[in-house]
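Q: Below, each chain spelled out in residue letters.
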Amino acid sequence: DAKTTQPPSMDCAEGRAANLPCNHSTISGNEYVYWYRQIHSQGPQYIIHGLKNNETNEMASLIITEDRKSSTLILPHATLRDTAVYYCIVRVWGGSEKLVFGKGTKLTVNP
Amino acid sequence: DAGVIQSPRHEVTEMGQEVTLRCKPISGHNSLFWYRQTMMRGLELLIYFNNNVPIDDSGMPEDRFSAKMPNASFSTLKIQPSEPRDSAVYFCASSKLQGAQSTQYFGPGTRLTVL
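Those protein sequence lines, which keep their order, are chains D and P. With my numbering, the residue at position 108 of the first sequence is 108, and numbering never jumps. One gets my numbering by counting positions in the second sequence from 1 and adding 111 to each.
Derived from the structure by calculation, the hints contain no laboratory data. Please read all numbers here as calculations on a predicted model, not as lab measurements. Check the hints yourself; a few may be wrong.
[As the list claims (entries may be wrong)] Computed cross-link-like contacts, DSSO-like style, restricted to lysine-lysine with a CA-CA straight-line distance of at most 27 Å:
| no. | chain 1 | residue 1 | chain 2 | residue 2 |
| --- | --- | --- | --- | --- |
| 1 | D | K98 | P | K207 |
| 2 | D | K103 | P | K207 |
| 3 | P | K179 | D | K98 |
| 4 | P | K135 | D | K52 |
| 5 | D | K52 | P | K189 |
| 6 | D | K3 | D | K98 |
| 7 | D | K106 | D | K3 |
| 8 | D | K98 | P | K135 |
[Said to hold, decoys possible] Stretch by stretch, here's where chain D covers chain P in the computed footprint (C-beta under 8 Å, at least three residues):
| no. | region |
| --- | --- |
| 9 | 153-160 |
| 10 | 213-219 |
[What the hints assert, rightly or not] Label pairs and their computed distance ranges (CB to CB):
| no. | chain 1 | residue 1 | chain 2 | residue 2 | range |
| --- | --- | --- | --- | --- | --- |
| 11 | D | A13 | P | E125 | 45 to 51 Å |
| 12 | P | S138 | D | G95 | 38 to 44 Å |
| 13 | P | M126 | D | A13 | 28 to 34 Å |
Beta carbons are placed, not taken as given, at the ideal position from N, Cα and C, and that holds for glycine.
Chain P with its partners taken away, still in its complex shape:
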């Protein structure tokens, strides 16, 4: 299995620009998660989907952030406009909810730098 695929792996952009991060979950998984990691705040959940439906978006910092999951094999996290404080590593994870049990598998992350 290819695992969770994220693109791009690195992104450098200027303040004010739109940034789109992409994620392909593991085939057959029905939950998808977006996390952000910074030195100051650690690893925090932004949003998660189950069967392509957003379940918990309480971690989305503000309206500049949006996430979509148009189908079971693709999700995007968009930041518009981007700001320097958005610089972080963004991880996507997926899981297969079986009964009440699930294990999250993480992608390699996208390192975002906003200048």
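Just chain D, same shape as in the assembly:
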């Protein structure tokens, strides 16, 4: 599976949009981008995934660049409860279900 690169930490003001970047320049055509987050002391939580089209659900939006080498997770109106470590993971569609977690981005939402 392709490797991902994320900034170690980010800050965001409550109520503002949080934009979390992820670089996956070696991604291959059959690899999807997944995002999970881990709130302190809890198990990781699935957020969203996508291949090449932008995706949106009740939690977030995922914007993938046309060349698929990077993506951005957008939390449109961040709240204090969104403070967590966010993981960007690439996984082969139809391949192993294994998820390889990197160090992620620690997002702190400030009041």
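Given chain D, put chain P in place with the hints provided.
A: What follows is chain P alone, placed relative to chain D:
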């Protein structure tokens, strides 16, 4: 739905003792995963099962670790004998493989301390 259930939530034991961690996956899910999280190594997959069969155990650190899934609703991770370096949070996750897509749902974890 109750979600993934893990027990115990906390375990403190002495070096050399046997430790058994338990997991009940979400009903209807056919894949089960055991992860370990430490400050040094982050979150790493130990083993995963599909339809109760171990598929990938390449992350199991050594022979002291073993995992079983006797049926679709129960799995155990056993450490015998335990060592202080096994201290970590152990997460169980489950998923339902539908075609080529699956989403993993994680339990609350078991915090293990080996003295």
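Q: Now look at each hint and say whether the structure bears it out.
A: Results of checking the hints against the structure:
The straight-line distance between the Cα atoms of K98 (chain D) and K207 (chain P) is roughly 13 Å, inside the 27 Å bound, and the hint therefore holds. Our distance criterion of 27 Å between C-alpha atoms is met by K103 (chain D) and K207 (chain P), whose separation comes to about 26 Å. Taking the CA atoms of K179 (chain P) and K98 (chain D), the gap is near 18 Å; set against the 27 Å cutoff, the hint holds. About 35 Å separates the Cα atoms of K135 (chain P) and K52 (chain D), which puts this hinted pair outside 27 Å; it is violated.
Straight-line distance between C-alpha atoms of K52 (chain D) and K189 (chain P) comes to about 41 Å, which puts the hinted pair past the 27 Å bound. Restraint check for K3 (chain D) and K98 (chain D): satisfied, since their Cα atoms lie roughly 14 Å apart, inside the 27 Å limit. For the hint pairing K106 (chain D) with K3 (chain D), the CA-to-CA distance comes to about 18 Å; that is within 27 Å, so the pair holds. The suggested pairing of K98 (chain D) with K135 (chain P) holds, with an alpha-carbon distance near 19 Å, which does not exceed 27 Å.
Beta-carbon proximity to chain D at under 8 Å applies to 5 residues in the region 153-160 of chain P; the threshold of 3 is reached and the given coverage holds. With 7 residues bearing a CB less than 8 Å from a CB of chain D, the region 213-219 of chain P meets the requirement of three and the coverage assertion stands. Under the hint 45 to 51 Å, the C-beta atoms of A13 (chain D) and E125 (chain P), about 47 Å apart, fit the expected range. Distance hint check: the CB atoms of S138 (chain P) and G95 (chain D) are about 26 Å apart, inconsistent with the given range 38 to 44 Å.
The supplied range of 28 to 34 Å is broken by M126 (chain P) and A13 (chain D), whose beta-carbon atoms lie about 47 Å from each other.
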